[in-house]
Each structure stands twice: as structure tokens, then as C-alpha cells.
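Student: Residue-level listing of the chains:
Number of protein chains: 2
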Amino acid sequence: MIAYALLGGPKEEWPIDIKDILLKAQNNHDLIIGVDRGSLLLEELGITPDLAVGDYDSLKKAELAQIEHSVADIRYSNPIKNYTDSELMIRIAFEEYQVDSLVILGATGGRIDHFLVNMFMMLNPDVRQYSEKIVLLDRQNKIRYYLPGQHKIAWENYPYFGVATLSAVDNLTIAEAKYHLENYSVAYPQIFSSNEFADKGKDFKLSFAKGMVSVIFSKDLERFYHLNN
Amino acid sequence: MIAYALLGGPKEEWPIDIKDILLKAQNNHDLIIGVDRGSLLLEELGITPDLAVGDYDSLKKAELAQIEHSVADIRYSNPIKNYTDSELMIRIAFEEYQVDSLVILGATGGRIDHFLVNMFMMLNPDVRQYSEKIVLLDRQNKIRYYLPGQHKIAWENYPYFGVATLSAVDNLTIAEAKYHLENYSVAYPQIFSSNEFADKGKDFKLSFAKGMVSVIFSKDLERFYHLNN
Chain U
156 MIAYALLGGP
166 KEEWPIDIKD
176 ILLKAQNNHD
186 LIIGVDRGSL
196 LLEELGITPD
206 LAVGDYDSLK
216 KAELAQIEHS
226 VADIRYSNPI
236 KNYTDSELMI
246 RIAFEEYQVD
256 SLVILGATGG
266 RIDHFLVNMF
276 MMLNPDVRQY
286 SEKIVLLDRQ
296 NKIRYYLPGQ
306 HKIAWENYPY
316 FGVATLSAVD
326 NLTIAEAKYH
336 LENYSVAYPQ
346 IFSSNEFADK
356 GKDFKLSFAK
366 GMVSVIFSKD
376 LERFYHLNN
Chain L
156 MIAYALLGGP
166 KEEWPIDIKD
176 ILLKAQNNHD
186 LIIGVDRGSL
196 LLEELGITPD
206 LAVGDYDSLK
216 KAELAQIEHS
226 VADIRYSNPI
236 KNYTDSELMI
246 RIAFEEYQVD
256 SLVILGATGG
266 RIDHFLVNMF
276 MMLNPDVRQY
286 SEKIVLLDRQ
296 NKIRYYLPGQ
306 HKIAWENYPY
316 FGVATLSAVD
326 NLTIAEAKYH
336 LENYSVAYPQ
346 IFSSNEFADK
356 GKDFKLSFAK
366 GMVSVIFSKD
376 LERFYHLNN
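Respectively, the protein sequence lines represent chains U and L.
Quick note on the numbering used here: the first sequence kicks off at 156 and runs consecutively.
Quick note on the numbering used here: the second sequence kicks off at 156 and runs consecutively.
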């Protein structure tokens, strides 16, 4: 079973086909999760989440009452806590619901402290073990996470990808892509942006010995340069 | 002298008053810099940059010709290079133009590999020495960087702030804010989001012994929750 979780990030950054993604998930009996305000945003899309997680402190009383009425499994997190709402959601999805993978929507845009929490929570020792099964997806980016070892990165229909060391990493090698990197070690996050697949349909190889690496697949959106000032 | 640099990030994330900011800078004879497509975006705002830095590989020939015609100091970076365009810009601003501080605009939104480059380039040993003099500014966030030591963080007119360890950090302490933290050490990036100033106008204290820390001041934007689906 796949899980789809919607966080509270701005709608402008959601995948353009988010409603189709979620309706298809619902038809497949995948798990649909709302995190905090994400539960309300799912209801606005006409989709009742199977599971809601949050402290709900940003919701009005009537909004929370609506969720409590419709959602079968509601979890209340502690506002002053060891886990963020998203971290708690990941643990419940993998440990209790035993999902095989998790697609996180609404994780980007808006407040940058929120985005960085979502991007870097995979480093939390209690989340790390699930990181390779988690994808962050928005309108123009898809983010995957990798643990040490040798990886074949499947071709994706995005013109660019960046490789980010999220922590100290040893012997990072990128092979069979447009730009190569060999046995690179670094003690802090560094981002190799704007790499490309060597050819349409062609995988590339990624390997490293320590830490965590993220691959960010991305595309440009034309709209950005054609707005009125 | 202050420098203002515009990168190529999407306009939706620019400060709402970006034109006023730049016109005021121009009147003050501050340095205005365009990085790659940012030079063209400045011209679209009616502001000719004093300095342009980039490889310009995303520009059309006529667009590049326009910049070459109007900008007094143009620098061409090498597309396969040791420094990104933004890193090169920072070095030129501080080393050649001897600016006192730098405000970076257009650094957020859009392609996440690009944003992460902008966020984490301060860790580059050649940029690190300037990091405390650099601010990233967008529509709802202001990002500052701190080196080890004791810091009094001046009150800012933002309701929230997050504290992010950008690398391994020792003995991180946050005092005199809404939520405290004492002597926290961590080997990788971790974000303490949604903290608040204790009172309007009241500073807080930040100290740590190793690494680099960023403070992200932020506000919510109502618009995010009132769009049509």
C-alpha cells in the first residue's frame, strides 16, 4: 500500500494534477493522510483523509470539529514535542499502517523554516530508516532520499536533477549522467545542481559511503518569467 | 555601501515591495547586481544593474546583447566551474566592491536545487567569512547566517522564526525567546521551527560553539489558503 500525505504548504506549489493523484489513490485504496491543516485542505478537495495527524493549533474550532466528524483515525500531537507532526505521521504510516512507500505533498513553498523541516527530517534517526521510501512532490520538483551504498537512479521525466549531500558524506560518485563526480567527500551540505540524465530513458549511478544524499528532480516553469511586474 | 543582488527565482516569491527597495537603493548609490537572468529581470523592473554576473546560458542572444549594452561591469562565469554564479557574485561584491553587506533577492521558490544552493552556499569556505553580512529576502521570509559565538538577535517584524543548524553544531543555546534550547549539539542539519520573539521589540540570544546556524524569520501569507482549487 502507498500512502499520500498532504501537509499545509501553499497550493501554488502543489502538483498541478494533485486532485487526479489523490482520486486515483482513493480508488486504489491507498492510504490518504492529512497533516494538520492538510486535513482541511483535503476536505476542500472533496477527499476525506483516512488518517489525520497534527496539533491542529492553526485550525478554528469549527474546522477541527469538521475533521473530527469525518476522519476515521485522528491523532493529536503534542505542540511541545519530540517529533514534528510530519515526523509523527511518517512513523504512524510505516509502523502502524505498514505502508510500502509515502508520497508527501504540500511540503514546499511558503515559510522556509517549514520547508527545511520537511526536507531535512529524513536525517532524524527515527525517520532515517524510511527515507528511501519517501518522495516529496510539488509542481516542479520531485525529491528522493538515499542511504549509503550503490544506487541505480531510474530515469524520470524531468530535464534537470541536483544531488545534495544532506550531511557529511564520503566518496560521493555520480556516473553515467551528463556531469560526473568521483569520490567526493564533504563535511556539510553541498548541492550539485542542474545535472541532467545522459539520455532520455537512461538511468544514472549514484554511490557514497556515509551520510545521506538527496536527488532533486526538477523542471522550469515558463510562467515564472511572464508575469506582470 | 550595501549591495542588492537579484537572482533568477520566480517573481511570486519576491518581496512585494521589491521595486521600492531597489529604487531606494539606486537613490542611495548602493550597488545593484544582477545574477544571470536576474540582470534581465532588473531591466524589466526599469533598473539597470551596476554589475552583472553569470554564464547567461539561459538567455537568448538578444537578451544578452541588451545586458551587454546597458550594464557597466559584466562578468562571465565558466559554466563548468568551481563557483556558482551566486558564489562568484558574493566574492566580487565583498572583495572588489568592498560592500559592507549584501541583500539577496530572487533566491527562493521554483527549482529546489537552486534554492538549496543559495541557502547552503554560505558553508563554502570561500563564502563563509561573508555569511554574517548576507541576508536572503523574499515575500514572507528573511534569512540570516551566524558563525560560532554569542549573538544578540535584534527583533524583526516577523511573527515567527526558525533556527537551523546548517552543519554539525555544538552547544546551541536559544535564550530569551518564546521557546528555549540549551547546549544542544547535533551532527547534521536540524531545524527548530515556529519559535517567536518573547515580546514585540525584544531581542533574543543565540550562541553556539562550532559550525553555522541560520535564523529564518517568517510570516504566514493569508492568500495561500483562499485560492480556488
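Hints were generated in silico from the structure; no laboratory data involved.
Backbone N, C-alpha and C define an ideal beta-carbon position, used for all residues, glycine too.
Incorrect hints may appear among the rest.
FRET-style restraints, in silico, Cβ to Cβ [as the list claims (entries may be wrong)]:
#, chain 1, residue 1, chain 2, residue 2, range
1, U, Lys365, L, Pro280, 17 to 25 Å
2, L, Tyr334, U, Gln284, 23 to 31 Å
3, L, Asn183, U, Asn237, 44 to 52 Å
4, L, Asn326, U, Asp281, 18 to 26 Å
5, U, Gln284, L, Ser225, 50 to 58 Å
6, L, Asn233, U, Ala330, 16 to 24 Å
7, L, Tyr334, U, Pro314, 20 to 28 Å
In silico DMTMM-like pairs for lysine to aspartate or glutamate, Cα to Cα no more than 20 Å straight-line [as the list claims (entries may be wrong)]:
#, chain 1, residue 1, chain 2, residue 2
8, U, Lys166, L, Glu198
9, L, Lys166, L, Asp375
10, U, Lys166, L, Asp375
11, U, Lys355, U, Glu311
12, U, Lys297, U, Asp255
13, L, Lys215, U, Asp375
14, L, Lys333, U, Asp210
15, L, Lys174, L, Glu198
16, U, Lys333, L, Asp354
17, L, Lys297, L, Asp172
18, L, Lys333, U, Asp375
Student: If a hint holds in the structure, say so; if it doesn't, say that too.
Tutor: Hints, verified against the model:
1. U/Lys365 x L/Pro280: 17 to 25 Å: holds (20 Å)
2. L/Tyr334 x U/Gln284: 23 to 31 Å: Once the Cβ atoms are compared, 28 Å apart, the range 23 to 31 Å for glutamine 284 of chain U and tyrosine 334 of chain L holds.
3. L/Asn183 x U/Asn237: 44 to 52 Å: Since the Cβ atoms of asparagine 183 of chain L and asparagine 237 of chain U sit about 48 Å apart, the hinted range of 44 to 52 Å holds.
4. L/Asn326 x U/Asp281: 18 to 26 Å: Holds, since asparagine 326 of chain L and aspartate 281 of chain U (Cβ atoms, about 23 Å apart) stay within the stated range.
5. U/Gln284 x L/Ser225: 50 to 58 Å: holds (55 Å)
6. L/Asn233 x U/Ala330: 16 to 24 Å: holds (23 Å)
7. L/Tyr334 x U/Pro314: 20 to 28 Å: violated (42 Å)
8. U/Lys166 x L/Glu198: Roughly 30 Å between the alpha carbons, so the hint for lysine 166 of chain U and glutamate 198 of chain L is violated.
9. L/Lys166 x L/Asp375: Answer holds: lysine 166 of chain L to aspartate 375 of chain L is near 18 Å, not above 20 Å.
10. U/Lys166 x L/Asp375: holds (13 Å)
11. U/Lys355 x U/Glu311: holds (9 Å)
12. U/Lys297 x U/Asp255: Between lysine 297 of chain U and aspartate 255 of chain U the Cα gap is close to 18 Å, so the pair holds against 20 Å.
13. L/Lys215 x U/Asp375: holds (16 Å)
14. L/Lys333 x U/Asp210: holds (18 Å)
15. L/Lys174 x L/Glu198: This hinted pair holds, its Cα atoms lying about 11 Å apart.
16. U/Lys333 x L/Asp354: violated (52 Å)
17. L/Lys297 x L/Asp172: Given that 20 Å is the threshold and the Cα spacing comes to 14 Å, the pair holds.
18. L/Lys333 x U/Asp375: violated (39 Å)
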